[in-house]
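Student: Got chain L; can you put chain H on it based on the hints?
Chains L and H are the protein sequences, given in the same order. All the letters of the first sequence, read from the start, carry residue numbers 1 to 253 under our numbering. All the letters of the second sequence, read from the start, carry residue numbers 1 to 150 under our numbering.
Simulated from the structure, these hints should not be mistaken for lab results. These figures come from a predicted structure and were not determined experimentally. Just so you know, not all the hints are guaranteed correct.
[What the hints assert, rightly or not] List time: in silico SDA-like cross-link candidates among lysine to any residue, alpha-carbon distance up to 25 Å:
1) H:K122 x L:T3
2) H:K122 x L:T18
3) L:K222 x H:S101
4) L:K222 x L:D106
5) L:K222 x H:K122
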Amino acid sequence: MRTLVFIPAWNEADSVATVIAGVREHLPEVDLLVVDDGSSDETAARAAEAGATVAALPFNQGLGAALQTGYLYALREGYDFCAHLDADGQHPPAEVARLLEEVRADRADLVIGSRYREPGEAKSDDYRPTLSRRIGTSVFRFFLTLATRQRFTDTTSGMRAANRRVMRLFSENYSPDFAEIESLQLAVRQGLRVEEVPVRMLERVGGSSFLTPVHSAFFIFKGLVVLLVGQFRPRNGEAGGEPGPLGKAGVEQ
Amino acid sequence: MTGLLAAVSEEPTVHLTSQTRILAAIIAVAFMLMILELIRRDRLQERFSVVWFIAGLGMLAGAIFPGLLAGVADVMGVRDTNVALFSIILLLLLGLALNFSVIMSRQAAQITRLAQERALEKAREQTRSGENGGEPSVRGAATAKDDPDG
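The following block holds chain L by itself, in its conformation from the complex:
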């Protein structure tokens, strides 16, 4: 049973080595891949120095494409399980291990690490989202629950573990624009077992969130459009069914 942990990184030179070291410490048996999403800083070099394999995209393609690269690598290289976490240091590697246990035990195909515990149960040292983030989260939470008829609390979590069924699906169908939410909707619609596990998240070590209020509003609007469109995509019983024309575009050529 081989496991890949991959880390999408865009200009995270300050924190990527720390994250790699953390994963090595808590998950000594896994292979590590850093997907460098066209960083202009030393991210790729730092990751290679820290002992990770580096898949460097030649130019910035966005988080969705970076994640898809990780899933594609895991699928092609024959890994049984994979997990990913953010490179900015807000995802404790110990929690990734817990997510991996869930897919290894075959309790789910895709496991999401949720930064939110049960509502009203937040502890003082827990992750504290900003106001715009909280609004966005509740909007997405509501509509994703409506769309999938499954309760999700953390719709934009970048900490996940998956098995090969998910690799097959995500390596072909993954929205480059709106990775997190659409992928959840897609996985549920394809009949995969998606599960959420509450995890602790920390304040980021380096980098900054791209979400300003204007960005947030646009982000929410775009997300809702994506969710609406997603509801009209064909639903296949079997995972990794016919990919859309865009998903297949590269393979056809």
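Tutor: Just chain H now, kept in the frame of chain L:
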């Protein structure tokens, strides 16, 4: 008011003098020659040129047969031939712009996949040469090949 409307409908609103018709025809022919030249110099692919040739032929037809536009406007139920002309052009341009968006989306997906393939190739090279100092590559071409999705 009704008298005014009646007057408008009776009178054709577009007066194409022979001078403007000749000018329009010259522009149409020059336009199509430009398309040909772009193809000849590999600046435009044939499959994208079809729609522009149709547009050029439409312009030429409008210049040669001035009654054509009035007829089309009549079929559309539009009293003012100018409005008919602009509506048709607007719709065509809208369709064309949408068509370009579709083409751009497809190419963006292709570029992304190309970038990903290159990134994976580099990563495989790195694991094979064992640069990372960790476990050297136990996985080789065999594992990559036995996967049907590859």
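Student: All hints, please: hold or fail.
Tutor: Okay, the hints, checked on the actual structure:
no.	hint	result
1	H:K122 x L:T3	holds (20 Å)
2	H:K122 x L:T18	holds (23 Å)
3	L:K222 x H:S101	holds (17 Å)
4	L:K222 x L:D106	violated (34 Å)
5	L:K222 x H:K122	violated (33 Å)
Hint compliance for this structure: hints 4 and 5 are not met, and every other hint is.
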